[in-house]
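**Student:** One letter stands for each residue in the lines below.
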Amino acid sequence: RKEVEQDPGPFNVPEGATVAFNCTYSNSASQSFFWYRQDCRKEPKLLMSVYSSGNEDGRFTAQLNRASQYISLLIRDSKLSDSATYLCVVRRNTGFQKLVFGTGTRLLVSP
Amino acid sequence: NAGVTQTPKFQVLKTGQSMTLQCAQDMNHNSMYWYRQDPGMGLRLIYYSASEGTTDKGEVPNGYNVSRLNKREFSLRLESAAPSQTSVYFCASSEARDQPQHFGDGTRLSIL
Numbered sequence: 001r002k003e004v005e006q007d008p009g010p011f012n013v014p015e016g017a018t019v020a021f022n023c024t025y026s027n028s029a030s031q032s033f034f035w036y037r038q039d040c041r042k043e044p045k046l047l048m049s050v051y052s053s054g055n056e057d058g059r060f061t062a063q064l065n066r067a068s069q070y071i072s073l074l075i076r077d078s079k080l081s082d083s084a085t086y087l088c089v090v091r092r093n094t095g096f097q098k099l100v101f102g103t104g105t106r107l108l109v110s111p
Numbered sequence: 001n002a003g004v005t006q007t008p009k010f011q012v013l014k015t016g017q018s019m020t021l022q023c024a025q026d027m028n029h030n031s032m033y034w035y036r037q038d039p040g041m042g043l044r045l046i047y048y049s050a051s052e053g054t055t056d057k058g059e060v061p062n063g064y065n066v067s068r069l070n071k072r073e074f075s076l077r078l079e080s081a082a083p084s085q086t087s088v089y090f091c092a093s094s095e096a097r098d099q100p101q102h103f104g105d106g107t108r109l110s111i112l
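Chains as they are written, first to last, in the numbering used here: chain A, 1 to 111; chain B, 1 to 112.
Everything hinted at is true.
If you want a taste of the chain B side facing chain A, the calculated C-beta under 8 Å gives, among others:
1) G40
2) M41
3) L43
4) F90
5) R97
6) P100
7) Q101
8) G104
9) D105
10) G106
No wet-lab data here; the hints were simulated from the structure. Since this is a predicted model, take the numbers as computed values, not measurements. For each residue, glycine too, the CB sits at the ideal point set by N, CA and C.
Taking the hints into account, I'd like the entire structure generated from these sequences.
**Tutor:** As structure tokens, then:
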């Protein structure tokens, strides 16, 4: 089982729709979580950190469910510019690799 | 503010050739990383440098070497390129190993 798992998608949604992605992680001791965004053939960019109490940044809401070991990203009122791949990132507490990246969920927002 | 700068952006090599990918950051970050990204595989860590003067192997170090030249610069060397090393390479930096990472815009490397 991969340490961080995401549905690769693509999720096809119309403009204005609400869409949510989940990401599951296997290491229950993981401490920190992030969502990155990656546009086609571009570098990943930090979208938001995920806090235990959940957090919101404009149209984006991130949630953490430690009991079920998943994090989620909700995008409201989708824009065409939201089309991208969203990477889930989990911080390990041990081992050489502090941040572990998921393979990403692709979102396509259409007019 | 340039952030993380990688050179070159594109490169085509023949099998057996060597080359060095350069990376520099201007954010005064302590930690730097080299990743490769292949379709369906996600980002895989090749090498990292937790701080100036130290380097360590990541998940997929075979066929690569690195040098942390100073706090700003972290280079990745392919001594004898193989077709399996065809990939997109990203350099990243962070204030510390457990902080969010900032990425360069990548080097697209093809090995024939």
